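Full structure from sequences and hints, please.
Heads up: the sequence lines are chains A and B, in that order.
If you use our numbering, the first sequence corresponds to residues -16 to 95, in order.
If you use our numbering, the second sequence corresponds to residues 5 to 117, in order.
It should be emphasised that the hints constitute simulated quantities derived from the structure, not laboratory data.
Heads up, some of the hints might be wrong.
[As the list claims (entries may be wrong)] Coverage of chain B stretches by chain A, computed from C-beta distances (three or more under 8 Å per stretch; other residues unrestricted): (1) 46 to 55; (2) 103 to 111.
[Claimed, not checked] Partial list, computed: chain A residues near chain B (C-beta under 10 Å): (3) Q(-11); (4) R(-8); (5) Q24; (6) Y31; (7) D69; (8) M72; (9) A76; (10) E83; (11) F85; (12) G87.
[Claimed, not checked] Pulled from the structure, derived: some chain B residues nowhere near chain A, Cβ distances all over 10 Å: (13) Q10; (14) T28; (15) V58; (16) K75.
Since the structure is predicted, the reported quantities are computational estimates derived from the model, not experimental observations.
Note that CB positions come from ideal geometry on N, CA and C, so glycine has one too.
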Amino acid sequence: DTGVSQNPRHKITKRGQNVTFRCDPISEHNRLYWYRQTLGQGPEFLTYFQNEAQLEKSRLLSDRFSAERPKGSFSTLEIQRTEQGDSAMYLCASSRDFNEQFFGPGTRLTVL
Amino acid sequence: GENVEQHPSTLSVQEGDSAVIKCTYSDSASNYFPWYKQELGKGPQLIIDIRSNVGEKKDQRIAVTLNKTAKHFSLHITETQPEDSAVYFCAATVGGGSYIPTFGRGTSLIVHP
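This is how it looks when you write it as structure tokens:
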């Protein structure tokens, strides 16, 4: 068990560019969550998957954001036409059913 | 939706002292309350949790208490050590359905040697 991994760990991009992050959950965890965390705040829920199905999306997830979890394994989070307000830490977590969520180290996004 | 308030935002203690972090929640349907520790450059890590059918839970130097009537819960760390220095987050989760936690804003705990 290698834990939840996220790539890249850091991403610097220019406003208007598209970015994609990847999350590899703990194997056999059927639920996968994406959160956003800004400085001085707790993680804020963005969306979650149960297996390959995206079951809930927060209103924080504008139409510039899209997430996928093909085959119910890894997940990607894409942000199109990035804005400076998108700068944050993007955290991924996974769990088996309704048990403890295990978080990855996060991807820090900086939009210039 | 759920709203979680956490205090204090910063807590500075001497090694060996106790530390207490308090949280309140708004949704009486919340029934699961995890606490996370986040070290610099890392994701949050669960350190202890409590469910609404229990009033107190202890794990070595860490304990959590829950008062459902008042809608508040607290984290207690005894005999603090420098390695306890981190940001601590409380969260409240409404049972059933999505099971998505709502986090507090965090408490930065500094333990001075």
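Results of checking the hints against the structure:
| no. | hint | in the structure |
| --- | --- | --- |
| 1 | 46 to 55 | holds (count 6) |
| 2 | 103 to 111 | holds (count 8) |
| 3 | Q(-11) | 8 Å, holds |
| 4 | R(-8) | 9 Å, holds |
| 5 | Q24 | 6 Å, holds |
| 6 | Y31 | 7 Å, holds |
| 7 | D69 | 19 Å, violated |
| 8 | M72 | 9 Å, holds |
| 9 | A76 | 8 Å, holds |
| 10 | E83 | 5 Å, holds |
| 11 | F85 | 8 Å, holds |
| 12 | G87 | 5 Å, holds |
| 13 | Q10 | 8 Å, violated |
| 14 | T28 | 14 Å, holds |
| 15 | V58 | 16 Å, holds |
| 16 | K75 | 18 Å, holds |
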